[in-house]
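Participant: Chain by chain, the residues run as shown.
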Amino acid sequence: MLKVLLWPLIVAFVLSLFPKSKKSWAQWTNLLLHLPWILFLLALVKVTPLQGAPFGLFESYATLPVFKSLIALGADTLNVSLVALTLFLSFSLSLYFIGHEKISVSFLVFFHLLNFGTVGSLLAADAFLFYVFWEFMLIPLFFLIGIWGSENRVYAALKFFAMTLAGSLALLAAIFFISSMPEVASLEWTQIRAQSGLISQHPWIIWAFLVAFLVKVPVWPLHTWLPDAHTEAPTAISVMLAGVLLKLGVYGMLRWCLQLFPEMYWSTSDILFVAGLVGIILGSYGALRQTDIKRMIAYSSVAHLGFIVIGITSTSAAAQSGAFFQNFAHGLSTGLLFLCFGMIYDRTHSRKLADYGGLATSNRFLAFTFVFAAMASVGLPGLPGFIGEFLILSGTFYQRGLWVLIPLMGVLLGALYTLPLVKGLVFGKVSPLVESHPLKLKWNEVLALLPYLVGLVVLGLLPQILLNWTQGSIPVR
Amino acid sequence: MNIVEASLVWIILIPLFGSIVNGLFRLKSPFNGLIATAACFASFVLSLLAFLKLSPGTLLVDPGYLWFQAGHVQVNMSFELSSFMGTMLLVITGVGTLIHLYATSYMSHDKSPWRFFSYLNLFVTAMLVLALSRDLVGVFLGWEGVGVCSYLLIGYWFEEDANTKAGMKAFITNRIGDLGFLFALFLALAFFGTSQVSEILTWIADPSKLAEIPTWVMPAFALGIFWAATGKSAQLPLYVWLPDAMAGPTPVSALIHAATMVTSGILVFVRLWPLFSTQAQVLDLVFWVAIATALLAALIAITQRDLKKVLAYSTVSQLGFMFAALGAGAPVAAFFHVVTHACFKALLFLTAGSVIHGMHDHKDIFEMGGLRKKMPWSHIAYLVGCVAIAGFPFTAGFFSKDIILAKVFESKGLLGYSMLLIAALLTSFYMFRSYALTFLGNPRTEHAEHAHESAPMILVPLMVLSALSLLVGFLEVPHIWWHVQNFSTWVEGSWSFELVEGHLSVATEWMLMSIATVGSLAAAFFAIKKYSAGPVATNENTAWKLSFNKFYVDEVYSRFIVQPFRRLGVALSTCVDEKGINGGLHGSFGLYRISGQLLSVFQTGSVQSYALFMVFGLLLIWGLLQLC
Numbered sequence: 001m002l003k004v005l006l007w008p009l010i011v012a013f014v015l016s017l018f019p020k021s022k023k024s025w026a027q028w029t030n031l032l033l034h035l036p037w038i039l040f041l042l043a044l045v046k047v048t049p050l051q052g053a054p055f056g057l058f059e060s061y062a063t064l065p066v067f068k069s070l071i072a073l074g075a076d077t078l079n080v081s082l083v084a085l086t087l088f089l090s091f092s093l094s095l096y097f098i099g100h101e102k103i104s105v106s107f108l109v110f111f112h113l114l115n116f117g118t119v120g121s122l123l124a125a126d127a128f129l130f131y132v133f134w135e136f137m138l139i140p141l142f143f144l145i146g147i148w149g150s151e152n153r154v155y156a157a158l159k160f161f162a163m164t165l166a167g168s169l170a171l172l173a174a175i176f177f178i179s180s181m182p183e184v185a186s187l188e189w190t191q192i193r194a195q196s197g198l199i200s201q202h203p204w205i206i207w208a209f210l211v212a213f214l215v216k217v218p219v220w221p222l223h224t225w226l227p228d229a230h231t232e233a234p235t236a237i238s239v240m241l242a243g244v245l246l247k248l249g250v251y252g253m254l255r256w257c258l259q260l261f262p263e264m265y266w267s268t269s270d271i272l273f274v275a276g277l278v279g280i281i282l283g284s285y286g287a288l289r290q291t292d293i294k295r296m297i298a299y300s301s302v303a304h305l306g307f308i309v310i311g312i313t314s315t316s317a318a319a320q321s322g323a324f325f326q327n328f329a330h331g332l333s334t335g336l337l338f339l340c341f342g343m344i345y346d347r348t349h350s351r352k353l354a355d356y357g358g359l360a361t362s363n364r365f366l367a368f369t370f371v372f373a374a375m376a377s378v379g380l381p382g383l384p385g386f387i388g389e390f391l392i393l394s395g396t397f398y399q400r401g402l403w404v405l406i407p408l409m410g411v412l413l414g415a416l417y418t419l420p421l422v423k424g425l426v427f428g429k430v431s432p433l434v435e436s437h438p439l440k441l442k443w444n445e446v447l448a449l450l451p452y453l454v455g456l457v458v459l460g461l462l463p464q465i466l467l468n469w470t471q472g473s474i475p476v477r
Numbered sequence: 001m002n003i004v005e006a007s008l009v010w011i012i013l014i015p016l017f018g019s020i021v022n023g024l025f026r027l028k029s030p031f032n033g034l035i036a037t038a039a040c041f042a043s044f045v046l047s048l049l050a051f052l053k054l055s056p057g058t059l060l061v062d063p064g065y066l067w068f069q070a071g072h073v074q075v076n077m078s079f080e081l082s083s084f085m086g087t088m089l090l091v092i093t094g095v096g097t098l099i100h101l102y103a104t105s106y107m108s109h110d111k112s113p114w115r116f117f118s119y120l121n122l123f124v125t126a127m128l129v130l131a132l133s134r135d136l137v138g139v140f141l142g143w144e145g146v147g148v149c150s151y152l153l154i155g156y157w158f159e160e161d162a163n164t165k166a167g168m169k170a171f172i173t174n175r176i177g178d179l180g181f182l183f184a185l186f187l188a189l190a191f192f193g194t195s196q197v198s199e200i201l202t203w204i205a206d207p208s209k210l211a212e213i214p215t216w217v218m219p220a221f222a223l224g225i226f227w228a229a230t231g232k233s234a235q236l237p238l239y240v241w242l243p244d245a246m247a248g249p250t251p252v253s254a255l256i257h258a259a260t261m262v263t264s265g266i267l268v269f270v271r272l273w274p275l276f277s278t279q280a281q282v283l284d285l286v287f288w289v290a291i292a293t294a295l296l297a298a299l300i301a302i303t304q305r306d307l308k309k310v311l312a313y314s315t316v317s318q319l320g321f322m323f324a325a326l327g328a329g330a331p332v333a334a335f336f337h338v339v340t341h342a343c344f345k346a347l348l349f350l351t352a353g354s355v356i357h358g359m360h361d362h363k364d365i366f367e368m369g370g371l372r373k374k375m376p377w378s379h380i381a382y383l384v385g386c387v388a389i390a391g392f393p394f395t396a397g398f399f400s401k402d403i404i405l406a407k408v409f410e411s412k413g414l415l416g417y418s419m420l421l422i423a424a425l426l427t428s429f430y431m432f433r434s435y436a437l438t439f440l441g442n443p444r445t446e447h448a449e450h451a452h453e454s455a456p457m458i459l460v461p462l463m464v465l466s467a468l469s470l471l472v473g474f475l476e477v478p479h480i481w482w483h484v485q486n487f488s489t490w491v492e493g494s495w496s497f498e499l500v501e502g503h504l505s506v507a508t509e510w511m512l513m514s515i516a517t518v519g520s521l522a523a524a525f526f527a528i529k530k531y532s533a534g535p536v537a538t539n540e541n542t543a544w545k546l547s548f549n550k551f552y553v554d555e556v557y558s559r560f561i562v563q564p565f566r567r568l569g570v571a572l573s574t575c576v577d578e579k580g581i582n583g584g585l586h587g588s589f590g591l592y593r594i595s596g597q598l599l600s601v602f603q604t605g606s607v608q609s610y611a612l613f614m615v616f617g618l619l620l621i622w623g624l625l626q627l628c
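Protein chains in written order, with my numbering: chain A, 1 to 477; chain B, 1 to 628.
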């Protein structure tokens, strides 16, 4: 476990030794150094108990002198599966990085620091350690958006930083409070869990925990940083944001709210459910009115994450499994949309939908991939988005009856905003912009896209592999 | 039910391979078409082998695998074939093969026929999934799959915006319908505990279980499926996409928008018939919606000038006939019409394609005329199609329409019957109008003057389909002629369920048959007489305008549903997100101001140093911790 966590930090260190001019060496080293990471992960997957209790695999390394906290890591399929998603995205992006002129040595260092923070937040089994990793993620992300983003990057980075930080401060306050309770032996997850009943006498605590995660997911109305961050961020960071960072919010809600304080969590679930509904509808309409392609995809994430929220606030096992599955479906389909468009943007430098047209004529492979990703995003059966949405919605109907009609509208709205995007970008006559910028992909870019296509087909037709694997660790009321 | 295990999955996979081969290797003409045709034909052969194993009451089952399972939801990817669906399977793959063969020649001059054939084979795959899946969720996989292929094929010539828009309209209108299907699935899973067709049918056959669920569940389930069917099978109020779908290449119109996909709604109804038969009120609704659709579409078809539009509205109208049969409690009659319609409507569309080819892509029948001599084979084929759809004695349409009219008269009385009869007579009128304008008289334009007959590869499928259109009706001759009912016995064997038998007197049946036959002959005669010399100067009164402008349905939808729905949402989202939340944020944090100041800091560019600094800082912390 420690190896999986520390490897990105080591890679960051190794890469930071490269001089500025050896950009392509760093890019290749970065790719190769993913291989040991994959092996470490596979070893971890092998020992992760299938139907174990939360943090079925637990390792404690040291005691921190402050706040009764430990350096402790835990693993079960709930977080290992998300680590695997992180690694998948990071690996495919490393393929994309090769030969990319903007990807400098320092970008790669920050990129791996981000991975370190992500994996740390996922594996941390101590509340304070979790908080440290959670906050740590913000720093590389802030620089990655603020330095390598597009025109409005500093505004976006700052907005993202301010909103996320504001949310996390509440979490920190709650952690302090818990650590100050004499009954709580340590901030290690199982110890807090043991005192869950006692802590639950302070109902504000759940909101303090939740708000940090709700900003990250993001749940309406805390979502407005996302369109800016997504739009301004460089491609790779948009992919990581959509693919895995938003899912950390979902993970936080499951691990640090639902599993930790079930009673308090369920008392808030109706409110969260409504916020999820509003997110689906307003997120979809938000996407519908955009003229900026990345902004449109960003708003579609708000809507998709709305589905996940109504899933994890449902007591139905189908909805919860579906929501967790949807993390991966959305990670692949939206990640692919961003990556695909990123490759186009690298060449044309325009995000305006009106500038595009005729991709199907100028680059068939990209056109195919984009349409494929769009179809995955609208939840076409046979692709994983359908499995997730279907499970979430049938579970919602099972538990809440006719309330399901509202998110069901979201299924229609998904097509309403995605199809114009496809039409504007892929179909029509070749636009002057596309005409003047040759869109031929390099071999490594094609290789970077392929894993997503394979992943989507496999998860769409054989979803039971993932469902089975994670089922035991997803909490049900 | 006698269940036999069989491997059905290859029937589905072979067209899928065909699609992948064409998509990956971008084959040249005619190999792209030939590969696709071969894939479809191989699927037909396998279907035929499976069909030969069938008998009424036998069910071929391919157990497949567990697709997904969580909580109360369990869905298998498995396939089954009953005697009813076996027949449809032959139609899909058989008519499909003919259309593929036709398209091999028809599309050979296109820019990228491999893409066309890749989509077309993918469509066949999805249609087969729809037909064969045991589980309704699997049916839905095919249901949306054919929708996507239809979207891709309608917008196949994607450089024209209008085509892509027509594709989008089809996709979105169908999605509106699909919400009903999804809702029905949620109901089935929550209340019946399964979404597998045979298990649902077993479940509802048990009165003690039915008593446990709320009374609204069954009608809601039936309505959900029907709502979905109005989308896919183009009934009121969701039929509007089908006429626009004619933007796609003509073989697509023949295969997807006439013979197979648009009948999916009827197929699902027939499969679930034991359930629908208990929902009298829903069937009543189905009936009147169908009658209204059949009449409305027929009234529009009589004034259209675009040859494909005439056929499109005719398809909508004929689908109305099928649903009318379902509404009248006659699933076998509805399915019989599906089969005969597949033959003659595919024939009509393919012939129209041949004509349009000969006319160098001109579709306006007012600009044609006199093609009888230029295109003799196409002329015969079209005439056969018209005769069959109008229901001239002994043709396919005669048998299938006759049963529907009789069943409607029997269970819905005079009003429904006479409305449907009018639609039938209108059918005969507008079909022969289009026939007369296209083939009779003298050429009216340059293009008609220089029209040429199509290649043999196009004509052969036309001849086969002509033969089928004339003969396929004999599968089920009226029971007043002969006591053996091959088709009914065969199809009914797929449910373990008794249908109510007819009780019309022999004299009434003869009378109904004569009225319909004489009427359609008269309508045909009238149309030929009126239009054989060319278009008649129209009296542009209100009725004509309503019909020619399709009763302004699209405009009304756009004005009163689509636009308000869109504007309201966009306004709401702008207000809440931009003004409300973001406005509040900017006020409280002064974000814009700070970001302006920070920008100068970042522009110093010592990025590498930040990164190094962070890494070393972390290592330092780690080292300190190790010491502790």
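The hints are simulated quantities; they were obtained by calculation from the structure and are not laboratory data. None of these values were measured; they are calculated from a predicted model. Take these hints with a grain of salt, some might be off.
[What the hints assert, rightly or not] Below, a list of computed lysine-lysine pairs in the DSBU-like style, where the Cα atoms sit at most 30 Å apart:
no., chain 1, residue 1, chain 2, residue 2
1, B, K579, B, K373
2, B, K373, B, K363
3, A, K23, A, K46
4, B, K529, A, K442
5, B, K579, A, K429
6, B, K579, B, K363
7, B, K28, A, K352
8, B, K579, B, K530
9, B, K28, A, K429
10, B, K530, A, K429
11, B, K363, B, K28
12, A, K423, B, K530
13, A, K442, B, K111
14, B, K111, B, K374
15, A, K352, B, K373
16, B, K53, B, K165
17, B, K550, A, K440
18, B, K363, A, K423
19, B, K165, B, K309
20, B, K579, B, K550
21, B, K579, A, K352
22, B, K550, A, K423
23, B, K374, A, K423
24, B, K373, B, K309
25, A, K423, B, K165
[As the list claims (entries may be wrong)] Okay, the calculated beta carbon distance ranges per label pair:
no., chain 1, residue 1, chain 2, residue 2, range
26, B, K579, A, K442, 48 to 54 Å
27, B, R26, A, N444, 19 to 25 Å
28, B, L546, A, V454, 22 to 28 Å
29, B, K209, A, P221, 33 to 39 Å
30, B, F548, A, K352, 53 to 59 Å
31, A, N468, B, F565, 28 to 34 Å
Virtual Cβ for every residue (Gly too), placed ideally from N, Cα, C.
Participant: Does each hint fit the structure? Answer for all of them.
Facilitator: Hints and how they fare:
1. B/K579 <-> B/K373: The given pair, whose Cα atoms are some 69 Å apart, is violated under the 30 Å limit.
2. B/K373 <-> B/K363: holds, 18 Å
3. A/K23 <-> A/K46: With a Cα-Cα distance of about 35 Å, the restraint between A/K23 and A/K46 is violated, given a limit of 30 Å.
4. B/K529 <-> A/K442: violated, 66 Å
5. B/K579 <-> A/K429: Roughly 36 Å separates the two Cα atoms, so the pair is violated.
6. B/K579 <-> B/K363: Violated, at roughly 51 Å.
7. B/K28 <-> A/K352: With a Cα-Cα distance of about 36 Å, the restraint between B/K28 and A/K352 is violated, given a limit of 30 Å.
8. B/K579 <-> B/K530: Outside the cut-off at roughly 64 Å; violated.
9. B/K28 <-> A/K429: Distance ~24 Å between B/K28 and A/K429 Cα, so the pair holds.
10. B/K530 <-> A/K429: Violated, because 44 Å separates the two Cα atoms, which is more than 30 Å.
11. B/K363 <-> B/K28: The given pair, whose Cα atoms are some 28 Å apart, holds under the 30 Å limit.
12. A/K423 <-> B/K530: At roughly 44 Å apart (the allowed maximum being 30 Å), B/K530 and A/K423 break the hint.
13. A/K442 <-> B/K111: Given pair A/K442, B/K111 holds - Cα atoms ~26 Å apart, limit 30 Å.
14. B/K111 <-> B/K374: holds, 27 Å
15. A/K352 <-> B/K373: violated, 54 Å
16. B/K53 <-> B/K165: violated, 44 Å
17. B/K550 <-> A/K440: Judged against 30 Å, a Cα distance of about 46 Å means the pair is violated.
18. B/K363 <-> A/K423: Roughly 26 Å separates the two Cα atoms, so the pair holds.
19. B/K165 <-> B/K309: Since the Cα atoms of B/K165 and B/K309 sit roughly 17 Å apart, the hinted pair holds (cutoff 30 Å).
20. B/K579 <-> B/K550: violated, 42 Å
21. B/K579 <-> A/K352: holds, 22 Å
22. B/K550 <-> A/K423: With Cα atoms ~27 Å apart, B/K550 and A/K423 stay inside 30 Å; holds.
23. B/K374 <-> A/K423: violated, 40 Å
24. B/K373 <-> B/K309: holds, 24 Å
25. A/K423 <-> B/K165: holds, 8 Å
26. B/K579 <-> A/K442: 48 to 54 Å: violated, 44 Å
27. B/R26 <-> A/N444: 19 to 25 Å: holds, 23 Å
28. B/L546 <-> A/V454: 22 to 28 Å: violated, 54 Å
29. B/K209 <-> A/P221: 33 to 39 Å: violated, 45 Å
30. B/F548 <-> A/K352: 53 to 59 Å: Given range 53 to 59 Å: violated, Cβ gap about 40 Å.
31. A/N468 <-> B/F565: 28 to 34 Å: Since the Cβ atoms of A/N468 and B/F565 sit about 41 Å apart, the hinted range of 28 to 34 Å is violated.
Checked against the numbered hints listed earlier, the structure breaks hints 1, 3, 4, 5, 6, 7, 8, 10, 12, 15, 16, 17, 20, 23, 26, 28, 29, 30 and 31; every other hint is satisfied.
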